[in-house]
Amino acid sequence: MLSLDHVSKTYHVGAFGRGRLTAVRDVSFELRPGEVLSLIGESGSGKSTIGRLILRLMAPSVGSITYEDVDIADFGGRALKEYYRHVQGVFQDPFSSYNPIFKVDRVFGMLRAEFFPRVGSEEWRARLEAALESVSLNPEDVLHKFPHQLSGGQLQRLLVARALLLEIRYLVADEIISMLDASTRIDVLNLLADLKGRGLGVLFITHDLSLGNYISDRTVILRHGCIVEMGETGKVFGDARHPYTQDLLASVPLLHEKWASNGDAEPATRRSHELVEAPPLVPVEDGHLVAAG
Amino acid sequence: MSLHVDDLRVYYRTLAGDVKALDGATFDVADGEIMGLAGESGCGKSTLGKSLIRLDGRMRYAGGHVVLDGKELPIWDDEAMNPFRFHNVSIVPQYAMSALNPTRKIGRMIGELLRARGADPRTVESELARRLDLVGLEQGVLGLYPIELSGGMKQRVVMVISTLLDPSLLIADEITSALDVSTQKAVARMLVEFRDRGFVKSMIVITHDIAVLYQVADTILVMYAGKLAEKASAEEIVSSPKHPYTRLLVSSLPEVGVRYEEKELHGIPGRPPSLLTPPTGCRFRDRCPLATARCAQEPPWVEENGRGVACWEAASSQAARPSLVAGAR
Chain A
0 MLSLDHVSKT
10 YHVGAFGRGR
20 LTAVRDVSFE
30 LRPGEVLSLI
40 GESGSGKSTI
50 GRLILRLMAP
60 SVGSITYEDV
70 DIADFGGRAL
80 KEYYRHVQGV
90 FQDPFSSYNP
100 IFKVDRVFGM
110 LRAEFFPRVG
120 SEEWRARLEA
130 ALESVSLNPE
140 DVLHKFPHQL
150 SGGQLQRLLV
160 ARALLLEIRY
170 LVADEIISML
180 DASTRIDVLN
190 LLADLKGRGL
200 GVLFITHDLS
210 LGNYISDRTV
220 ILRHGCIVEM
230 GETGKVFGDA
240 RHPYTQDLLA
250 SVPLLHEKWA
260 SNGDAEPATR
270 RSHELVEAPP
280 LVPVEDGHLV
290 AAG
Chain B
0 MSLHVDDLRV
10 YYRTLAGDVK
20 ALDGATFDVA
30 DGEIMGLAGE
40 SGCGKSTLGK
50 SLIRLDGRMR
60 YAGGHVVLDG
70 KELPIWDDEA
80 MNPFRFHNVS
90 IVPQYAMSAL
100 NPTRKIGRMI
110 GELLRARGAD
120 PRTVESELAR
130 RLDLVGLEQG
140 VLGLYPIELS
150 GGMKQRVVMV
160 ISTLLDPSLL
170 IADEITSALD
180 VSTQKAVARM
190 LVEFRDRGFV
200 KSMIVITHDI
210 AVLYQVADTI
220 LVMYAGKLAE
230 KASAEEIVSS
240 PKHPYTRLLV
250 SSLPEVGVRY
260 EEKELHGIPG
270 RPPSLLTPPT
280 GCRFRDRCPL
290 ATARCAQEPP
300 WVEENGRGVA
310 CWEAASSQAA
320 RPSLVAGAR
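Protein chains in written order, with numbering that gives the first Met the number 0: chain A, 0 to 292; chain B, 0 to 328.
Honestly, the hints are just simulated from the structure, not real lab data. A virtual CB, placed ideally from N, CA and C, is assigned to each residue, including glycine. Treat the hints with care, since some could be wrong.
[Unchecked claim] With a cut-off of at most 30 Å between alpha-carbon atoms, the simulated BS3-like pairs for lysine-lysine come out as follows: (1) K102/A - K144/A; (2) K144/A - K234/A; (3) K102/A - K80/A; (4) K234/A - K257/A; (5) K262/B - K257/A; (6) K104/B - K49/B; (7) K234/A - K262/B; (8) K257/A - K49/B; (9) K104/B - K70/B.
[As the list claims (entries may be wrong)] Sample of chain A residues with no beta-carbon within 10 Å of chain B, all distances over it, derived: (10) L79; (11) L127; (12) L164; (13) R184; (14) G233.
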């Protein structure tokens with residue numbers, strides 16, 4: 000289990016880093032195996048920061064993140080490499096995640112050299128094909144191509160396949176489909192659901208409520224770095240308690256229903272960068288927490 | 000008839016040859032109509048939008064006519080277009096942040112822009128104040144630099160500037176795509192408001208997000224691989240699309256309320272053809288579950304009851320709509 004315990008992250012901004020920007024405030028939640036947890040928020044809500052903290056690309060300013068009850072800040076050297084075999088991330092822009100002059104098989108070759116130097120060619124090939132198979136890609140179609148010859152959806156699925164080769168247990172998926180076209184994005188989403196079925200825990204970071212609603216078991220709604228509401232997806236979307244969640248839901252463009260003509264919500268007031276106390280979360284029913292105030 | 004586009008073709012020059020990004024577009028936009036232009040990346044929707052105001056260096060005019068309010072737009076001639084730009088045709092670009100001069104305060108920039116287009120800033124001063132008020136911005140923004148505004152504020156400033164001279168046609172290119180949902184709603188609403196108040200006569204709203212178009216547009220034109228696929232009212236596109244591409248596209252969109260466990264959605268297998276050497280006939284046929292031998296010929300654009308579709312299958316079997324289910328679900 001991956002769990003965040005009262006995590007905050009403050010960035011130094013401005014000239015000489017004199018300014019402070021608190022991107023994440025007192026966030027606690029856990030990601031269990033075999034579930035998709037959506038982290039939903041608007042820009043500047045700190046959702047990507049949380050993903051990067053989990054991947055240990057940055058360290059939290061306050062609080063701790065534990066993996067199987069060990070603080071990930073303590074990992075070093077071999078233990079860290081082991082951690083990355085279990086927890087991997089896929090990011091928004093698949094076109095910039097690849098080296099443009101490496102063919103796809105070379106990308107996988109580097110992975111093999113780094114993590115599986117002892118695996119024989121035959122076995123590696125079998126594993127590679129199995130991984131590609133599970134993301135519905137035909138090895139013949141993709142392995143000998145350069146990244147520019149593949150579509151965004153294929154590249155994104157290759158990144159997931161790369162993560163699967165490591166036999167990961169948790170995947171941080173940060174806006175992985177927002178750059179994909181409508182006709183292919185849904186297949187990548189279905190792939191996440193499929194991985195979930197195989198016992199993987201997926202942290203699905205998105206700004207798109209309909210995608211989060213489609214795929215996830217539990218949902219965390221973030222605003223200005225604080226959790227405003229979390230719980231089972233059906234409850235958060237079906238019975239939103241916090242006014243912010245309700246506002247968000249009212250603003251989502253639907254396909255068969257026009258926006259209500261009244262209450263044209265003024266765009267949310269701009270975030271204040273000063274650190275304020277995160278409001279405490281109060282349970283309204285089993286597992287459904289809402290920020291007070 | 001506000002805008003009439005006839006067989007417009009615009010290609011991109013590349014070393015490998017011409018990329019036929021827009022290959023024969025014919026459509027009308029009526030006065031007071033907000034037409035949504037939808038499609039996936041690379042389908043030519045932005046090329047179409049841009050070509051109505053300015054062809055950039057890589058774009059080559061390859062044929063066709065554009066008539067706005069009875070006058071032909073000389074879109075192939077950069078200089079001859081100048082009198083039309085801003086006065087008759089205006090654009091709100093996707094990235095409002097890069098549309099504003101970062102070294103000028105907003106007010107000064109507007110003054111410079113108006114003078115450059117031969118308009119006297121003093122004559123529109125009161126109108127500018129009124130419109131800023133309408134979009135919920137204070138007069139103070141005129142004294143600010145673009146960097147001091149948020150994304151939504153910049154987008155609104157650009158919208159006010161673009162429509163200041165009451166153009167006939169406004170092209171809004173992906174203006175809501177980079178915004179948060181609540182800001183997106185406010186900006187989208189503003190488009191409709193501007194049309195209702197007569198600041199612009201008609202609009203072409205370009206976006207990949209059909210749900211947003213459904214909220215604001217009267218009609219939606221769907222493009223695929225440089226060609227028009229279907230044009231119909233927003234309601235019809237969403238509830239009873241005819242072209243197989245539109246049908247598959249609309250059915251692949253997740254909505255709030257649709258859950259994976261209850262209803263698994265599917266994408267469209269395959270990818271659009273290369274526009275360097277586009278296939279003859281219907282360009283969707285490689286991905287189309289209904290494709291037959293006939294589709295190797297160019298499908299006719301059939302117009303009926305105010306809606307048009309370019310598909311052999313949809314044109315011939317209006318009554319019995321063949322099911323796409325076998326191929327897709």
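Comparing the hints with the structure gives:
1. K102/A - K144/A: holds, 5 Å
2. K144/A - K234/A: violated, 44 Å
3. K102/A - K80/A: The hint holds at about 25 Å.
4. K234/A - K257/A: holds, 23 Å
5. K262/B - K257/A: Roughly 22 Å between the alpha carbons, so the hint for K262/B and K257/A holds.
6. K104/B - K49/B: holds, 27 Å
7. K234/A - K262/B: holds, 18 Å
8. K257/A - K49/B: holds, 29 Å
9. K104/B - K70/B: Violated, at roughly 36 Å.
10. L79: It holds; L79/A is separated from chain B by about 34 Å at its closest Cβ, greater than 10 Å.
11. L127: holds, 22 Å
12. L164: holds, 24 Å
13. R184: violated, 7 Å
14. G233: violated, 8 Å
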